[in-house]
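S.K.: For chain A, the structure is supplied; the task is to place chain B on it using the hints.
Chains A and B are the protein sequences, given in the same order.
Just so you know, we're using the working numbering here: the first sequence kicks off at 17 and counts up by one.
Just so you know, we're using the working numbering here: the second sequence kicks off at 17 and counts up by one.
Bear in mind the hints are in silico, worked out from the structure with no lab data behind them.
Be aware that a few hints might be false.
Copies of the same chain are indistinguishable here, so a pair counts whether it falls within one copy or spans any two.
Straight line, CA to CA, 30 Å or less: simulated DSS-like cross-link-like pairs of lysine-lysine [unchecked claim]:
(1) K290 <-> K192
(2) K258 <-> K222
(3) K222 <-> K33
(4) K258 <-> K223
(5) K190 <-> K41
(6) K290 <-> K91
(7) K91 <-> K192
(8) K41 <-> K192
(9) K258 <-> K290
(10) K41 <-> K290
(11) K192 <-> K222
(12) K223 <-> K91
(13) K233 <-> K258
(14) K233 <-> K33
Number of protein chains: 2
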Amino acid sequence: MGESNVSQILSREIRLKQRPVGVPKEGDFELVTVPLREPREGEVLVQNIFMSVDPYMRGRMSERESYIPPFPLGKALEGGCVGHVVRSVGGRFREGDLVLSMLGWREYYLSDGTGLIGIDPSLAPIQTYLGTLGMPGLTAYVGLLDLGQPQDGDTVFVSAASGAVGAIVCQIAKIKGCRVVGSAGSDAKVTWLLEEAGVDAAFNYKKVGDLSAEVAKHCEGVDIYFDNVGGPHLVAALDQMKPCGRVVLCGMISQYNITRPPRGPGNLILAIIKRLTLRGFIVTDHLHRQQDFLSDMSRWIAEGRIAWKETIVEGIGSAPRAFLGLFSGDNVGKMLVKLGPGARE
Amino acid sequence: MGESNVSQILSREIRLKQRPVGVPKEGDFELVTVPLREPREGEVLVQNIFMSVDPYMRGRMSERESYIPPFPLGKALEGGCVGHVVRSVGGRFREGDLVLSMLGWREYYLSDGTGLIGIDPSLAPIQTYLGTLGMPGLTAYVGLLDLGQPQDGDTVFVSAASGAVGAIVCQIAKIKGCRVVGSAGSDAKVTWLLEEAGVDAAFNYKKVGDLSAEVAKHCEGVDIYFDNVGGPHLVAALDQMKPCGRVVLCGMISQYNITRPPRGPGNLILAIIKRLTLRGFIVTDHLHRQQDFLSDMSRWIAEGRIAWKETIVEGIGSAPRAFLGLFSGDNVGKMLVKLGPGARE
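Next comes chain A alone, as it looks inside the complex (with noise of 0.2 Å):
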């Protein structure tokens, strides 16, 4: 550690390169490669394994301040990923470790400890710390036990249902004892829906007219409506919501790239008509649920009662062209970037 003689560590990165308008392309983020020096004491050098591309980073990509600060630009973008240790020196982390942080988006980083959580790969493959396990996990079960406060026999409608958060979302639903009812973009995923995420009913909204009569046909009122997307979804569970129904607003991905103030729902009056609650949230003022999370989830992992599906992709250069997937809906669950160790690039 720290000898003259161990080579030069360089990082490849994705960095920012000017602001998206509209639908982001390719040419809005950069490959540069940056050398790093070798870890001091106290630091560890991490390798990252798998990184994260997730929709709510679109909102990082513009200039308007939000509940976290824009993304710099000329600078790695930031998000979650899963790593191993590969120097230490005389951190609390060990070379080989395993750890989960928000530096994603780049290769290598040097870390003092902060912010990096050591992960178990006994409990599921080390990926799922980005997906079933970790923040979309998390999202999904606060999003809807905590605001949705299910009870057992009510009907949840949920959007993007197959996607990493709406899939969870559907599948503690169905634990807790609810009629589940999900909408996709595409027949494979409304079939993975029905045959692996067990849920009652699901439609390929792309090929649907009437979005509100495709909700009233599959369900007799919705007591619990996770929005991933906003637009058409939410006013259509709007006309079907039951009276005193809760909309647990978790997404707009129908309007991240939109330039122009979209439409907003029309029958909000609808809300007060059935005195329904609609409540916008962000994950991380949840954190304090964290534990009991992990708790519940892994024992429902080793139970078999979670299924999810990931879409991955090779090489950190193929990182902005699977985030630009998540707007176009080619991925089928969780969207990863395979990095490091084993990447075919």
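M.R.: Positioned in the frame of chain A, the structure of chain B alone reads:
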């Protein structure tokens, strides 16, 4: 009582003649005189003294099933009223008793006492039981306190702030230590809000170009928005909400007379970014709070902490015009129709 020499009682009532399309007009209503029989054993004959017209009644004039059934055509409308018992045949109310009921829009009615509530005229003028001490007051009380959950120092923004509900919201919020900003539709209403209701700031929205900028001018962020109107006010409030703010959806009078779907709030995504809670409610779900409300409100009135305004129209024949006036903002404060003894037609 019941003697054959008692003259026939004739009562005039307002019926819904046809369902309004768009803005209601006087021709949608008709004034009809009906004979009433004598009260029988256990019944009372009540003469109404004041009746209420309220914006929510517009919803019941349309065919669409809602939280309460539509008004039937060709029958007297229903609504809150205060009257006095003019004949009683052994029922629980005596001649001269003052009673609150939902049998407004008529001069007299017979009742076996079901749904009648005796009122205490020593607390406040009897018509106050249709406003500040009645349904609008309870609406303000549960909407602000139970749904909005104001904390000392919160900023509360209220639309239709000088109305029967809004004015009470403003003043309860002041009692609870909040900073209160109101929007109203005339300079006179704004003056009343500032000078009588004691709000911290108020503006005439009809003179404002950019509603969002106007709200921003008066509020360094909004903790609670009490929405009586929907439309551009809701958009402006969403723009200015603080993180974790509460939006109480009480009414959307801007939409009650529209004939095609309105634009919804195009910035509803802010509900996620700011983790907002939007809750619609109907006061009749909260009648368990009636005793707390009456206790608090009568004390506040006795302490001189609550001001209110009334706009009083005279005579049953003027009731449709009074109702229509709600939508053009003719009223300041509670709109009432005076019937019976002392009414000038």
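S.K.: Run every hint past the structure and note whether it holds.
M.R.: How the hints compare with the structure:
{"no.": "1", "hint": "K290 <-> K192", "in the structure": "both (24 Å within a copy, 28 Å between copies)"}
{"no.": "2", "hint": "K258 <-> K222", "in the structure": "within (25 Å within a copy, 36 Å between copies)"}
{"no.": "3", "hint": "K222 <-> K33", "in the structure": "neither (33 Å within a copy, 45 Å between copies)"}
{"no.": "4", "hint": "K258 <-> K223", "in the structure": "within (25 Å within a copy, 39 Å between copies)"}
{"no.": "5", "hint": "K190 <-> K41", "in the structure": "neither (38 Å within a copy, 51 Å between copies)"}
{"no.": "6", "hint": "K290 <-> K91", "in the structure": "between (47 Å within a copy, 26 Å between copies)"}
{"no.": "7", "hint": "K91 <-> K192", "in the structure": "neither (43 Å within a copy, 48 Å between copies)"}
{"no.": "8", "hint": "K41 <-> K192", "in the structure": "neither (41 Å within a copy, 51 Å between copies)"}
{"no.": "9", "hint": "K258 <-> K290", "in the structure": "both (7 Å within a copy, 26 Å between copies)"}
{"no.": "10", "hint": "K41 <-> K290", "in the structure": "between (42 Å within a copy, 28 Å between copies)"}
{"no.": "11", "hint": "K192 <-> K222", "in the structure": "within (29 Å within a copy, 50 Å between copies)"}
{"no.": "12", "hint": "K223 <-> K91", "in the structure": "neither (41 Å within a copy, 46 Å between copies)"}
{"no.": "13", "hint": "K233 <-> K258", "in the structure": "within (14 Å within a copy, 38 Å between copies)"}
{"no.": "14", "hint": "K233 <-> K33", "in the structure": "neither (46 Å within a copy, 36 Å between copies)"}
Hints 3, 5, 7, 8, 12 and 14 from the list above are not met by this structure, while the remaining hints are.
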